[in-house]
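Chain by chain, the residues:
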Amino acid sequence: MDKKRIPWFLFILLFSIMLLVVSVVSFSVGTSHITFRKIISTILNGKQTITHTILFDIRLPRILLAFAIGGALSIAGVILQAMFRNPLVEPYTLGISGGAALFVSLNIALKLNQRFGLLSLPTSGILGSIAVILILYVLSVKKGVLKIQGLLLTGVMISFISSSLIMLIMAVSHTEGLHRIVFWIMGSLEESNSLLLKLMLLVSFLGLGISYLFCFDLNALSLGEEEALHLGINVERTKKFLFVVASMLTGFSVSIAGIIGFVGLFVPHFVRMMVGIDHRILLISAFLCGASFLILCDTLARIIISPLELPVGVITGIVGGGLFIYALTKKKYA
Amino acid sequence: MLEVKGLTCGYNKRFILKNINFKLKNHALLGIIGPNGSGKTTLLRAITKIIKPQKGKILFEGRDIWQMGFRELAQKMAFVPQAPLSYEVDMTVEEFVLLGRIPYHKVFQFLDTKYDKAVAKKAMALTHTLNIKDRFIPELSGGERQLVYLARALAQEPKLLLLDEPTAHLDIAHQIKILDLIKNLNNSFKLTVIIVLHDLNLASQYCNELILLNNGYLYKMGTPQEILTAEIIEHVYQTKVIVKEKFVSSRPYIFWDFHMEDLT
Chain A
1 MDKKRIPWFL FILLFSIMLL VVSVVSFSVG TSHITFRKII STILNGKQTI
51 THTILFDIRL PRILLAFAIG GALSIAGVIL QAMFRNPLVE PYTLGISGGA
101 ALFVSLNIAL KLNQRFGLLS LPTSGILGSI AVILILYVLS VKKGVLKIQG
151 LLLTGVMISF ISSSLIMLIM AVSHTEGLHR IVFWIMGSLE ESNSLLLKLM
201 LLVSFLGLGI SYLFCFDLNA LSLGEEEALH LGINVERTKK FLFVVASMLT
251 GFSVSIAGII GFVGLFVPHF VRMMVGIDHR ILLISAFLCG ASFLILCDTL
301 ARIIISPLEL PVGVITGIVG GGLFIYALTK KKYA
Chain B
335 MLEVKGLTCG YNKRFILKNI NFKLKNHALL GIIGPNGSGK TTLLRAITKI
385 IKPQKGKILF EGRDIWQMGF RELAQKMAFV PQAPLSYEVD MTVEEFVLLG
435 RIPYHKVFQF LDTKYDKAVA KKAMALTHTL NIKDRFIPEL SGGERQLVYL
485 ARALAQEPKL LLLDEPTAHL DIAHQIKILD LIKNLNNSFK LTVIIVLHDL
535 NLASQYCNEL ILLNNGYLYK MGTPQEILTA EIIEHVYQTK VIVKEKFVSS
585 RPYIFWDFHM EDLT
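Protein chains in written order, with the working numbering: chain A, 1 to 334; chain B, 335 to 598.
A portion of the hints provided could be inaccurate.
Said to hold, decoys possible - Listed below are the simulated DSSO-like cross-link pairs for lysine-lysine, each with C-alpha atoms no more than 27 angstroms apart in a straight line: (1) Lys-386/B with Lys-143/A; (2) Lys-410/B with Lys-389/B; (3) Lys-386/B with Lys-240/A; (4) Lys-143/A with Lys-352/B; (5) Lys-391/B with Lys-142/A; (6) Lys-451/B with Lys-524/B; (7) Lys-143/A with Lys-391/B.
Don't read these hints as lab results, they were simulated from the structure.
In isolation and in its complexed conformation, chain A is listed as follows (with noise of 0.2 angstroms):
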């Protein structure tokens, strides 16, 4: 029964090369068909044509836009995976969408993005996910000790608040905010914002830097918590330090491109049925497939009824749980 481990920096370059592939097959398809052939003369030489504008003014940024959230998700479900020890929490489990979601429906339906322009609407997303960050940890922290059962149920519940709140939010819009509510929350990689994007990419791979830090305490976290306090992590800082981090990847996210479901909780799983629940590869695999995937979908969402538009978090739902379903019928331990 003995078996050797695939060497990590295999799993780098194989999952390195999906990235590459998933993002230049994005950049080459699309509605207006762009043969390969033009792509490259464009490139070289072509600035200040429609193809270019096309090619770096709308796809580039997009792709961009996926990689970074696609990272910043799977990172957040990996961090939080381990600390609950519970393979069914994901980013979204928390509430911290659910805030952000509640704070942007309000902004919509009192017609503030109006008055307050276009990043009036990330900036109450962010607002609402630090207002439930804050809220869950003051809940939480019980003489200085970070009860992660009572935060996990926490969070839910203010999950379904917010959803009521949310529905009653629609109930009392006209046509018109309740269609934007609607779209924002499905969620879409569409955004014409540079600064934003920069931001995402910033926040996504700083969230990357700072957690690979704690490669090993994740490592011995996701034995259990007295087993880490055993093994010399200060528990109680790692745990408050990486929810926070976690919070923050997943607050940004969603408060830039709305609610992309199941990334956060499909990729993590997947990545680690492949690489094992060492947090060294774990943590960069899990960036790179939740990258390749999130690219991926958004490409078909675009293409599959071009010229119109599918909301990516139907097809991250159908194809990541097809997957997911799949690999787990060929899990070792089932």
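Using the hints provided, position chain B relative to the given structure of chain A.
Using the frame of chain A, we list chain B on its own:
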């Protein structure tokens, strides 16, 4: 090496341990015995900084453990839990033993050093688990898991090793194998050991010193000959027994039989 001073602690407001005082010398092999619920495991949890004392202090090499970082403490003491790993850990034995090197990792160190690997290999050699180093943890038997946990604790290169009923749920061959190993570590490597045991005869045979806990109080500390007498056991455990001297080791041996009253 270890000094417990006026330790009172418990969970919430309920005190499990009351005013415990004892000192432990270097290279001791101390057994903690006592009835269920007498506070044996709680004492280990207090020494390993899992629960905070309400009163009193625990000094390790003269320093209060609550003044030491978790990391520093984990370099000095290692803990082997009771019946470990009932859950799935999808790791090989070697990867698991290397977790014991976590307290030595630096902030920007992400790979195991050659020294880490050498220490892990030595720990596996000592615990006879080197031949299963590529097997996965969920495939192991209970006895093998206990040995792997012991190997991980040794990879921490501790001065003090704490074990919570390492022989629970093991057959007699594995019980003796584990306790022989611990005795050997104590003898040859001068490792100080604290071990919680339920089996009084194993405690008598292997430990140099015993602490008997009863209802959260330290009832008595001393050699097996001083602690394991018929009167003390009857008083603490409310059970009638006969104590004889063992033939080779001259340690006390405890008998129990039906109709004890007829014998005594």
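Tested hints:
A hinted pair counts as satisfied when its Cα atoms are at most 27 angstroms apart, and Lys-386/B with Lys-143/A qualifies at roughly 12 angstroms. For a cut-off of 27 angstroms, the pair hint linking Lys-410/B to Lys-389/B stands: about 24 angstroms separates their Cα positions. For the proposed pair Lys-386/B and Lys-240/A, the alpha carbon gap of about 20 angstroms is at most 27 angstroms, so the pair holds. Our distance criterion of 27 angstroms between C-alpha atoms is met by Lys-143/A and Lys-352/B, whose separation comes to about 23 angstroms.
With a CA separation close to 24 angstroms, the supplied pair Lys-391/B and Lys-142/A stays within the 27 angstroms bound. Using a Cα cut-off of 27 angstroms, the hinted pair Lys-451/B and Lys-524/B holds, with the two alpha carbons roughly 22 angstroms apart. The hinted pair formed by Lys-143/A and Lys-391/B meets the criterion: a straight-line CA distance of about 20 angstroms does not exceed 27 angstroms.
The structure is consistent with each of the numbered hints, conforming to all of them.
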